[in-house]
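A.B. asks: Line order of the protein sequences matches chains A and B. In terms of our numbering, the first sequence opens at residue 85 and continues consecutively. In terms of our numbering, the second sequence opens at residue 3 and continues consecutively.
No lab work stands behind these hints, which were simulated from the structure alone. A portion of the hints provided could be inaccurate.
[Claimed, not checked] Calculated cross-link-like contacts (lysine to any residue; reagent style SDA-like; alpha-carbon spacing at most 25 Å):
id, chain 1, residue 1, chain 2, residue 2
1, B, K339, B, E492
2, B, K254, B, P132
3, B, K474, B, R488
4, B, K24, A, N289
5, B, K24, A, L191
6, A, K136, B, P121
7, B, K432, A, H324
8, B, K24, A, N221
9, B, K432, A, N221
10, B, K24, A, D319
11, A, K160, A, L191
12, B, K350, B, P429
13, A, K384, A, I158
14, B, K468, B, F362
15, B, K432, A, D319
16, B, K276, B, E492
17, B, K346, A, A175
18, B, K283, A, N141
19, B, K346, A, T146
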Amino acid sequence: MKKYLCLICILPVFAGNAQTISDGLMMPAKNLCTGVLYTHDRWTNYWEGTLKRDNGNIGTLTTQSAMWVAAYGITKRLNALAALPYVWTHASQGTLAGQQGIQDLTLALKFNLLNSKAEHHEFKAFVVGGFSTPLSNYTPDFLPLSIGTGTTNFSGRITLNYAFLKNFYINFSGAYTWRSNIEIDRQAYYTNGQLYLTHEVWMPNVFDYFGSLGFHKGPLQTELNYSQQVTLGGDDIRRHDMPFPSNRMNFSKAGLLVMYYLPWPKYLAFRCAAHYTVSGRNVGQSTAITTGLLYTIIFKDKQSQL
Amino acid sequence: MKPLYSLFLTFGLVVLIPACEKEIRQEEQFHAFVPANIDPSAGNWATVHLTAPNQIAVPPPAPVNSDSYQAELEAIKDAQQKLTAQQHEIIRFWSGTGVLRWNQIMRELVAQFNLPPAPLPDGTYPVPDPENPFSDPRFPFANPPYAARAYSYVSTAMYDALIATWHYKFLYNRPAPYEVDDGIKAFVPQTDLPSYPSEEAVMSGVATELLKALFPAAVEKITRWAADQRNAALWSGKATPSDISAGLALGKAVAAIFMIRARADGMSAAAGNKAQWEALKLNATSRGDVAWVSLDIPPRPPMLPFFGNVLPWKMTHDDIVALRPPPPPLADSEEMKAELNEVKQFLKNSTRERLRIVHFWADGAGTYTPPGHWNDIAAEYIAEAQFSEVRSARAFALLNMALHNAAVACWETKYFYFNPRPSQLDPSVKTLTGIPNFPSYTSGHSTFSGAAATILSYLFPAHQSKFNDMAKEASMSRLYGGIHYRKDCEVGLDHGKQIGNFLLDNFARTDGAD
Numbered sequence: 085m086k087k088y089l090c091l092i093c094i095l096p097v098f099a100g101n102a103q104t105i106s107d108g109l110m111m112p113a114k115n116l117c118t119g120v121l122y123t124h125d126r127w128t129n130y131w132e133g134t135l136k137r138d139n140g141n142i143g144t145l146t147t148q149s150a151m152w153v154a155a156y157g158i159t160k161r162l163n164a165l166a167a168l169p170y171v172w173t174h175a176s177q178g179t180l181a182g183q184q185g186i187q188d189l190t191l192a193l194k195f196n197l198l199n200s201k202a203e204h205h206e207f208k209a210f211v212v213g214g215f216s217t218p219l220s221n222y223t224p225d226f227l228p229l230s231i232g233t234g235t236t237n238f239s240g241r242i243t244l245n246y247a248f249l250k251n252f253y254i255n256f257s258g259a260y261t262w263r264s265n266i267e268i269d270r271q272a273y274y275t276n277g278q279l280y281l282t283h284e285v286w287m288p289n290v291f292d293y294f295g296s297l298g299f300h301k302g303p304l305q306t307e308l309n310y311s312q313q314v315t316l317g318g319d320d321i322r323r324h325d326m327p328f329p330s331n332r333m334n335f336s337k338a339g340l341l342v343m344y345y346l347p348w349p350k351y352l353a354f355r356c357a358a359h360y361t362v363s364g365r366n367v368g369q370s371t372a373i374t375t376g377l378l379y380t381i382i383f384k385d386k387q388s389q390l
Numbered sequence: 003m004k005p006l007y008s009l010f011l012t013f014g015l016v017v018l019i020p021a022c023e024k025e026i027r028q029e030e031q032f033h034a035f036v037p038a039n040i041d042p043s044a045g046n047w048a049t050v051h052l053t054a055p056n057q058i059a060v061p062p063p064a065p066v067n068s069d070s071y072q073a074e075l076e077a078i079k080d081a082q083q084k085l086t087a088q089q090h091e092i093i094r095f096w097s098g099t100g101v102l103r104w105n106q107i108m109r110e111l112v113a114q115f116n117l118p119p120a121p122l123p124d125g126t127y128p129v130p131d132p133e134n135p136f137s138d139p140r141f142p143f144a145n146p147p148y149a150a151r152a153y154s155y156v157s158t159a160m161y162d163a164l165i166a167t168w169h170y171k172f173l174y175n176r177p178a179p180y181e182v183d184d185g186i187k188a189f190v191p192q193t194d195l196p197s198y199p200s201e202e203a204v205m206s207g208v209a210t211e212l213l214k215a216l217f218p219a220a221v222e223k224i225t226r227w228a229a230d231q232r233n234a235a236l237w238s239g240k241a242t243p244s245d246i247s248a249g250l251a252l253g254k255a256v257a258a259i260f261m262i263r264a265r266a267d268g269m270s271a272a273a274g275n276k277a278q279w280e281a282l283k284l285n286a287t288s289r290g291d292v293a294w295v296s297l298d299i300p301p302r303p304p305m306l307p308f309f310g311n312v313l314p315w316k317m318t319h320d321d322i323v324a325l326r327p328p329p330p331p332l333a334d335s336e337e338m339k340a341e342l343n344e345v346k347q348f349l350k351n352s353t354r355e356r357l358r359i360v361h362f363w364a365d366g367a368g369t370y371t372p373p374g375h376w377n378d379i380a381a382e383y384i385a386e387a388q389f390s391e392v393r394s395a396r397a398f399a400l401l402n403m404a405l406h407n408a409a410v411a412c413w414e415t416k417y418f419y420f421n422p423r424p425s426q427l428d429p430s431v432k433t434l435t436g437i438p439n440f441p442s443y444t445s446g447h448s449t450f451s452g453a454a455a456t457i458l459s460y461l462f463p464a465h466q467s468k469f470n471d472m473a474k475e476a477s478m479s480r481l482y483g484g485i486h487y488r489k490d491c492e493v494g495l496d497h498g499k500q501i502g503n504f505l506l507d508n509f510a511r512t513d514g515a516d
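Extracted from the complex, chain A is given alone in its bound form (with noise of 0.2 Å):
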C-alpha cells in the first residue's frame, strides 16, 4: 500500500498552508510524486495588532497560488522535498495594484528517525531539514499586495507519527524557522516605536506547530488538523497603517484534507484542503482552498521495490 503515499511540502511560512512537510508518511526509494496545486486564499477581515477590522480600501484580498511540488525517495528513510509556487494578489476594492510572480523555492530533507511497530499499533518520528528563499525580486514592503516577505528560510522539523486501530493515525510536528533580514526598497520605516533609518529590516524567526487526526486507508486519506504559527518578535500593525513585513504575524488554522488515489489511471491522485483561520494577529482571517493532482513515478529498481 505504500505506493499510494505522495507526501507536499510547504514551508508554513507566508501562506501558511503547512501540510505533509510536517506529516508521517514517505514516499518509497526511487519514487518520485509530482504535480501542481492551486490555492485560492481570501479574507475581508484582517487582525491590526489585536483589533479585527474590515478595511474599505482593501475590501476582499485574495491570493491565488499555483504550486509546484515534488518528493523524491531517496531511500526508503530518506526523502527529499521541494516546492515552486506562482502567486497572484488582488484587492477587490480600493486602487491599490494586484502583484504577481515567482515567489520563493523550498527544498527540504525529511529523514525517518525512528519506527516502532507492534501488531495494532506504530510509531514514528521524523526530521525535517528545510530552506527557502525567493526566485524572483518581488517587493516584500507592498503588503497586504506583496506575494511573500522575501526572506531566506532554514528550518528544523520534528515530526511524531502514531497509528492506531489499522488506518487512524494522529500526528504532531513542530518546527523551528531562521528567517534572514530583508532589504527594502526604502530607506526609512518606522517599527517598533523607532525610526529604522536603513534599507534593511530585521525579521523575526518563527515557529510554527501542526496536529492532525487522520484516517488513512488503501488510495484514501483524511484528516482534520490544527496548526498554529507563532512569530518570536516584530510589532503590530499601528493603528489603520498598512501592515510591515517584520510585523509579529500569528495564526491558528483549522483544516481538513482529503487525497485520493484515482483507479485510473493508475499512480494519479486527487489532493483537496481547506483552511479555516480561527484566530490570529497581524493577518487577515483568511479561508483557503487547495487543489490539485499529483502523479507518482517509480523508478524501476528492484532492490527497493515494495
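Given the coordinates of chain A, assemble chain B onto it according to the supplied hints.
C.D. replies: Frame of chain A, contents of chain B only:
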C-alpha cells in the same frame, strides 16, 4: 547517499545559520568632529523671525574666577568621576551635533504620527483633537503639510536661537570648562567656542517647547531627549550649570516667540468646513473640469484644503498666488486623455526598477513624509560637511523654509484647481502606491523635491546634478506609480524650483553667512 550523513548536513546547516548576526543599526551614524569653522561672526547673520540677535536679553555670566563658577567646575568633576557606560552613550549620541540629532528625532516623530484616522462605523472620520492627543485618533495626523510646517518651525527657531547664542557667546567669551580647568576631561572634541550660553541647552529648550506643542502625545520622550542633551553637555566637560541654565532660558524664550507666530499663521483654519469644501468643488466645475473626489473608502474629507493660506516663510500670500502655475488640462480634453493614457501605459509596462523608484520615494502614511525624506538626504551632506552647529542649523532652516513654502504653494495650487486623480477619471487605473487624499495637480512630491534640490544645490554646489537627478526621479515616481499625470510632476517640479529660488534670492544669499 547515506541517510545519516545527509541528516547531519541538513541539521548542521539549520543549527549553524541561526547563529548569524541579524541585529541592525537603527540610527544614522553621526560622529563627533571639530568643525572646519566655528563661525565666530554668526551672531551677525540675518535672523528668520527674531527682530535681532539680542531680542532676548541674556545677562552676563559670573566671571571664571568667581566662587560660584569654581563650585560649578567642582560639580562637573564630581559628575565625571561617576560616569556610567550609559551616560557615555548619551554623550556619544549627542556629540555628532545636536542639530542633526534633533532633525533625526523630528523625522521619527513625524513617522510616528503620520497616520490618518480610521473611519468610524457610520462611515465618517473622527478628527484628531490637540486637547486629547493620546486618544484614538491620536493628535496630530502628521501628514505632509503638517510635517513640512513642523520641520520648518523647529528648524527656523533653532537657527534663530543659535544666531542669538553665537551673539552672546562671542559677546561674553566665557571659555569652556575643559579649557578653564585641567581637572575637567573633554569627552567631546575640543574647540575654541565660548560656552556661555550653552548651545546644547538652547537647542534642548527650543526643541522641547516646539515639539511638545506639535507632538503633544510624545511629551515624555521629547523631555527625556532634551534632558539628555543638556546632561551630555555637562558630563562631557563642555558646559557648566550656569551655561546650561542661561541656554535653556534663551531657547525657551525664542521658542515662545515662534509659538506666537505659529498660533496665528492660519493653520487652525486649514481644515476648513463642509461649506468651504463644496465651494472648492464649484470652483472646478465652473471652470468646466471634473471636481476631485476622495478615493478613500469611505470617502474622507480633503487633506488640509486651506493649507494654501498658511503663512509662508520670507514671502507673502500674494507671492504664493503670483507663482501659481497655469491650469491643468480639463478632464475631457484631448490633452488630458493623452496624459491619462500615458499613466496607464506606465502601469501596464511596469518594471521592477520603476517599482523600486515608486517605493523609494513613496513616503506615504506612516513615514516621515517627502519633506522628511529630503531632510534625511540633507542630513548626510550636512554631517559630511562638518559644519558648526549654527551653520548646520542654517542649512536645515533654509531647506525647511523652502519645503514649507513648497507645501503652501502646492496646496494653494491643488485646491485652486481641485482636479481629479487618474484613478478617478478611470477606475481601472490601479496604483503601485497609495493615492494621497487630495487633488492631483500639481504633484506635492515634485514641488517638495524641486524646492529641496534648489536649496541643497545652493548649499552644496558640487552635488547639484545629483540633487537634480534625485528630484527628477522623485517627481517621476508619482507617474510610474499611477497616481499622477506627467503634467502634475513636471509643472510641480518647476514650481518647486521657483519656490526654492525665491527663498534664495530674498533671504539666503544676503543673510551674511556666505
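A.B. asks: Decide, hint by hint, whether the structure agrees.
C.D. replies: To see whether the hints hold, each was checked on the structure:
{"no.": "1", "hint": "B/K339 <-> B/E492", "result": "holds, 17 Å"}
{"no.": "2", "hint": "B/K254 <-> B/P132", "result": "holds, 21 Å"}
{"no.": "3", "hint": "B/K474 <-> B/R488", "result": "holds, 12 Å"}
{"no.": "4", "hint": "B/K24 <-> A/N289", "result": "holds, 10 Å"}
{"no.": "5", "hint": "B/K24 <-> A/L191", "result": "holds, 23 Å"}
{"no.": "6", "hint": "A/K136 <-> B/P121", "result": "holds, 14 Å"}
{"no.": "7", "hint": "B/K432 <-> A/H324", "result": "holds, 21 Å"}
{"no.": "8", "hint": "B/K24 <-> A/N221", "result": "holds, 21 Å"}
{"no.": "9", "hint": "B/K432 <-> A/N221", "result": "holds, 21 Å"}
{"no.": "10", "hint": "B/K24 <-> A/D319", "result": "holds, 16 Å"}
{"no.": "11", "hint": "A/K160 <-> A/L191", "result": "holds, 18 Å"}
{"no.": "12", "hint": "B/K350 <-> B/P429", "result": "holds, 14 Å"}
{"no.": "13", "hint": "A/K384 <-> A/I158", "result": "holds, 13 Å"}
{"no.": "14", "hint": "B/K468 <-> B/F362", "result": "holds, 16 Å"}
{"no.": "15", "hint": "B/K432 <-> A/D319", "result": "violated, 29 Å"}
{"no.": "16", "hint": "B/K276 <-> B/E492", "result": "violated, 32 Å"}
{"no.": "17", "hint": "B/K346 <-> A/A175", "result": "holds, 18 Å"}
{"no.": "18", "hint": "B/K283 <-> A/N141", "result": "holds, 23 Å"}
{"no.": "19", "hint": "B/K346 <-> A/T146", "result": "holds, 23 Å"}
Of the numbered hints stated above, those contradicted by the structure are hints 15 and 16, listed in ascending order.
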